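A.B. asks: Join the two chains, each given in its own frame, into one complex according to the hints.
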Amino acid sequence: MAELFGLPFLTGLVLATLLPLVGAWLRLRDEWLAALAVAHLAGAGAVLALSISLPALLGSLALAVTGMLGRHLPGAGNSAYAWLILVGWTVTLLVAANSPLGETLARQLIDGQLYFTGTEELVAALVLLMAILGLRTRIDRNELATRLLPATTRIEQQQRRHTALLTDTLVAAALAAGTLSIGLMATFALVFLPAWATFRKARNWRRALLGAVALGQLGYLVAFAAALKLDQPFAPILVAVLLGLATAARLLPARAC
Amino acid sequence: MLLSLQEVITAPPGRREPRIGPISLCVDAGEAVALTGANGTGKSTLLAAITGRAPILAGHCQLAAGTRLRLVEQSPRPDRDLPVSGRDFLELADADPNPPAPLAGWLGQRLDTLSGGQRQLLRVWAGLTAPADLILLDEPSNNLDSASRATLQRLLRERPIGRSLLLVSHDSELLATGCHRIVAMPEPGDG
Numbered sequence: 001m002a003e004l005f006g007l008p009f010l011t012g013l014v015l016a017t018l019l020p021l022v023g024a025w026l027r028l029r030d031e032w033l034a035a036l037a038v039a040h041l042a043g044a045g046a047v048l049a050l051s052i053s054l055p056a057l058l059g060s061l062a063l064a065v066t067g068m069l070g071r072h073l074p075g076a077g078n079s080a081y082a083w084l085i086l087v088g089w090t091v092t093l094l095v096a097a098n099s100p101l102g103e104t105l106a107r108q109l110i111d112g113q114l115y116f117t118g119t120e121e122l123v124a125a126l127v128l129l130m131a132i133l134g135l136r137t138r139i140d141r142n143e144l145a146t147r148l149l150p151a152t153t154r155i156e157q158q159q160r161r162h163t164a165l166l167t168d169t170l171v172a173a174a175l176a177a178g179t180l181s182i183g184l185m186a187t188f189a190l191v192f193l194p195a196w197a198t199f200r201k202a203r204n205w206r207r208a209l210l211g212a213v214a215l216g217q218l219g220y221l222v223a224f225a226a227a228l229k230l231d232q233p234f235a236p237i238l239v240a241v242l243l244g245l246a247t248a249a250r251l252l253p254a255r256a257c
Numbered sequence: 001m002l003l004s005l006q007e008v009i010t011a012p013p014g015r016r017e018p019r020i021g022p023i024s025l026c027v028d029a030g031e032a033v034a035l036t037g038a039n040g041t042g043k044s045t046l047l048a049a050i051t052g053r054a055p056i057l058a059g060h061c062q063l064a065a066g067t068r069l070r071l072v073e074q075s076p077r078p079d080r081d082l083p084v085s086g087r088d089f090l091e092l093a094d095a096d097p098n099p100p101a102p103l104a105g106w107l108g109q110r111l112d113t114l115s116g117g118q119r120q121l122l123r124v125w126a127g128l129t130a131p132a133d134l135i136l137l138d139e140p141s142n143n144l145d146s147a148s149r150a151t152l153q154r155l156l157r158e159r160p161i162g163r164s165l166l167l168v169s170h171d172s173e174l175l176a177t178g179c180h181r182i183v184a185m186p187e188p189g190d191g
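Just so you know, the sequences run in chain order A and B. Per my numbering, the very first residue in the first sequence carries number 1; after that it's consecutive. Per my numbering, the very first residue in the second sequence carries number 1; after that it's consecutive.
So that you can see chain B by itself, here it is in the shape it has in the complex (with noise of 0.2 Å):
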C-alpha cells in the first residue's frame, strides 16, 4: 500500500481550526482513487496535509518507504510577467518532454501566454509524467472547455503503468473515466 490514511484530523496549513476528517482512506500502486465532497469539507487541506504543509492533529498518515510524490494544485501563483515556456516547465518538473497534440505545440510558448485551462493540461502532464509514484490532482477538471476536459481524461486514462492516482474533484464524468473507488469526505460535524 503507498499510502494509508487512518481517522486523520487536519486543519489549514498554519492553523489549528477548522478541524477536518476524521477520514479513512488507502491507495494501492496502480490505483486512481478519488475523493469527493462538497466545498468546505477540505478535500485540498487534506492532500496539504498528505504533502506535510498541513498539521495532522490525530490519526496517522503513512505513505510506503520511498514513495515519490506529485502535487497539481487547483489555484497555483499566477504566472504573469513570467519568462518560463511550457518546455522550461517540463524541464523543471522532470516530465517527459514529449507531450500528445494539442500540448507539444504550446512547448514553445511562455506560460503567461497560454489559457488557464492550456496551462492547467501541462501542469497535468507534468504531474503524471515525472518520476513519482502517487499523484495528488486537485481539481484538475476546474474551468476547463469541454476539448480541454476530454484531452485530461485521455491523459488521465493512458498515464503512465505504475503510477497512482489521488483525484480531487466534483466533476462525476471525470471520476467515472478511470477511478477505481470513490472516497467521500465527511461533511462538518459529521466527526
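Bound conformation, chain A alone (with noise of 0.2 Å):
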C-alpha cells in the first residue's frame, strides 16, 4: 500500500505546499482568476502535446508559460483571463474529442490522476519547490512592493518587471505542475481557497502565507486519507474537504489568526 501511494501522496503534498504560496502572490495582484486560465491553458496543452506525440509536460508548461507571459500585454486583467479560460477549455475538449490519447487525458485532468503520478512528477514539483522556496524572499518583496510603492526610477520598474517575468515563470511552471498531477479543479482550489481564506483575517504578511500553507497541506492530508477510505475520486474530495476548510477559517473570530 505504502509502495504504491507513497511517491503520489508525496507528489501531492509538495504541491499543496508550493500551490497556496502561489495563491497568496497572485491574490495580491488581484489576479486569481489567472490561476483558473493558466490551469485551463495547460490542460489544452498537454492534451495539444499528446495529439502530436510529444512529452504531456512540455505541451502544457509551453502554454502555461504563454499564458502567463500574456498579463503583460496592454489591456490584459481579469476579461483576458476569462477568455483564456474558454479557449483553454474548448481547445482541451476538442482535441480530446479527436483522439484517443487525449481523450483519456483529458478526462484525467478533470478527475485529478495523481494515484497515477510517478517520479517525474515528484522531481517536478520538488525542485519547483525548491525554487519557491529559493526566491521566495525576493519574490515576497516585488510583489508587495509593487502593490504598495510607486517604483521612483526606471532602473526600479525594470528590475521589478524581470523579477515579476521571474515569478510569472514559475507561477505558470506550479500550474501545469499542478494540473497533470492533481487536476485542474483540485490546483485551482489549491491555488484560490487558502489565500482567500487567510487574506481576510492574518495579522501581516508571514502569517498569511504560514496560513495558507497550513491550510491547503490539511485539506490535502484529511482529502487523501478520506478519498482512500472512501473509495472516491481525489481531486472532487480534495475540493470539497478545501471549501469547507476555508470557509471555517474564514468564519473564525480574528483574534484566532
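No wet-lab data here; the hints were simulated from the structure. Hints should not be assumed to be uniformly reliable.
To be verified - Label pairs and their in silico Cβ distance ranges:
{"id": "1", "chain 1": "A", "residue 1": "P74", "chain 2": "B", "residue 2": "E17", "range": "15 to 21 Å"}
{"id": "2", "chain 1": "A", "residue 1": "L10", "chain 2": "B", "residue 2": "A147", "range": "54 to 60 Å"}
{"id": "3", "chain 1": "B", "residue 1": "Q62", "chain 2": "A", "residue 2": "L221", "range": "35 to 41 Å"}
{"id": "4", "chain 1": "A", "residue 1": "L101", "chain 2": "B", "residue 2": "L57", "range": "56 to 62 Å"}
What the hints assert, rightly or not - Here's a subset of chain A near chain B, in silico, CB distances under 7 Å, partners left out:
{"id": "5", "residue": "N142"}
{"id": "6", "residue": "L144"}
{"id": "7", "residue": "N204"}
Unchecked claim - Far from chain A by the CB rule (all over 12 Å, computed), these chain B residues:
{"id": "8", "residue": "P83"}
{"id": "9", "residue": "A101"}
{"id": "10", "residue": "A126"}
{"id": "11", "residue": "S146"}
{"id": "12", "residue": "R149"}
{"id": "13", "residue": "Q153"}
This structure is a prediction, so every number in the text was calculated from the model and none was measured. The beta carbon of each residue, even a glycine, is placed where N, CA and C say it ideally should be.
C.D. replies: Given below as C-alpha cells:
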C-alpha cells in the first residue's frame, strides 16, 4: 500500500505546499482568476502535445507560460483570463474528442490523476518547490512593493518587471505541474481557497503565507485519507475539503489568526 | 543640485496630451521646495515625469548621479483585504522601524484596519526615513484631520538631516511650516 501510494502522496504534499504560496502572490495582484485560466491552458497544452506525440508536460508548460506572460500585454486583466479559460476549455475538449490518447488525458485532467503520478511528477514538483522557496523572499518583496510602493526610477521599474517575469514563469510551471498531477480544479482550489481564507484575517504577511500553506497541507492530508478510505476520486474530495476548511477559517474570529 | 527641471513639458503617463508646462525648478541638497497650483495644472503628472512614469516631451529633467528618490503618492491602490501590517510596510520600504507616537501604536495593525489618515502618515514616515536623497510628496495633507495635520507638520520639520523635499500641496499652512521656496505651476495655456 505504502509503495503504491508513497510517490503520489509525496507529490501531492509538495503541490499542497507550493500552490497556496502561488495563490498568495496571485491574490496580492488581484489576479487569482489567472490560476484558473493558466490551469485550463496547461490542460489544453498537455492534450495538444499528446495529440502530436510530444510529452504532455512539455505542451502543458509551454501553453501555461505563454498564458501567464500574456498578462504583460496591454489591456490584460481578468477579462483576458476569462477569455483564456474559454480558449483552454474549448481546445481541450475538441482535441480530446478527436484523439484517443487526448480523450483519456482530458478525463484525467478533470478527475485528477494523483494516484498515477510517478517519479517524474515528484521530481518536477520538488524542483519547483525548491526554486519557489529559494526565491520566496525576493518574490514577496517584489510583489508587495509593486502593490504598495511606487517605483521611482526606470531602473527600479525594470528590475520589478524582471522579477515579475521570473515569478510568472514559476507560477505557470507550478500550475502546469499541479494540473497534470492533481487535475485542473484541485489545482485551482489549492491556489484560490487557502489565500482567500487567510488574507481576510491574518495579522501580517508572514502569517498569511504560513496560514495558507498550513490550510493547503491540512486539506490535502484529510482529502488523501478520505478519498482512499471512501474509495472516491481524489480531486473532488480535495476541493470539497478545502471548501469546508477555507470557509471555516474565513468565519474564525480575527484574534485566532 | 539634486534635481533640475528646465522648461520641461510633460503629459500624463502613456499620453502626449494634454501638455503640461513648461516648468523650470531646481532642488538642492537638504532643501524643501513646494509646488503649488490649481487643480488640473499637472502637479502629480510632473512628479510622474520626474520618476520616469510620464513622458518628457520637451526640455530637460536632470537628477544628480546616484540620487535616490522616494515618492509618496496621493491616491495609492486601496489596501482592502491585504494582510500587511504597519510593521511589514515599514520593513518593505526600508524605513526607520521606530516611528514616534502616535504612529508607533499602529505598527501591529493591518493597513486595511487603519484609517486613511493613519495610513497616509505611515506612508509619509516611510518616505521620509527610507534611504533617499529626494522625497516627492504628493498632497500629503489631503483628508487629514487637524491632529493628523499637526503630526504631519512635525514629521516634515523633524525629517532626517540632508533629505530634500519636493512637496506638492494646496495647503498654505503646510507650505509655510518648512518650505524654503514655493514654485507655482503654470496655468494651462500659459506656456
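A.B. asks: Using the Cβ atoms, figure out if A:L10 sits within 54 to 60 Å of B:A147.
C.D. replies: Holds: the Cβ-Cβ distance is about 57 Å, inside 54 to 60 Å.
A.B. asks: For B:S146, is the shortest beta carbon distance to chain A beyond 12 Å?
C.D. replies: Holds, since 27 Å exceeds 12 Å.
A.B. asks: Could you check if A:N204 really has its C-beta closer than 7 Å to a C-beta on chain B?
C.D. replies: At 4 Å from the nearest chain B Cβ, A:N204 passes the 7 Å test, so the hint holds.
A.B. asks: Run the C-beta distances from B:P83 to all of chain A and say if the shortest one exceeds 12 Å.
C.D. replies: Not fine: 4 Å to the nearest Cβ puts B:P83 too close to chain A.
A.B. asks: Identify whether the interface hint at A:L144 stands, where standing means a beta carbon of chain B within less than 7 Å of its own.
C.D. replies: holds (5 Å)
A.B. asks: Holds or violated: is there a CB of chain B closer than 7 Å to the CB of A:N142?
C.D. replies: This interface hint is violated because 10 Å lies over the 7 Å limit.
A.B. asks: Just want to verify: B:Q153 was marked as not at the interface with chain A; is every Cβ pair farther apart than 12 Å?
C.D. replies: Holds, since 23 Å exceeds 12 Å.
A.B. asks: Please check whether the beta-carbon of B:A126 is more than 12 Å away from every beta-carbon in chain A.
C.D. replies: violated (8 Å)
A.B. asks: Quick one: work out the minimum CB distance from B:A101 to chain A and report holds if it exceeds 12 Å, violated otherwise.
C.D. replies: holds (21 Å)
A.B. asks: Verify the CB-CB distance for A:L101 and B:L57 against the hinted window 56 to 62 Å.
C.D. replies: Once the Cβ atoms are compared, 58 Å apart, the range 56 to 62 Å for B:L57 and A:L101 holds.
A.B. asks: Taking 15 to 21 Å as the hint, is the beta-carbon distance of A:P74 and B:E17 inside that range?
C.D. replies: Distance hint for A:P74, B:E17 holds at roughly 19 Å.
A.B. asks: Please test the hint of 35 to 41 Å on the beta carbon pair from B:Q62 and A:L221.
C.D. replies: violated (60 Å)
Violated hints, in rising order: 3, 5, 8, 10; the structure is consistent with all others.
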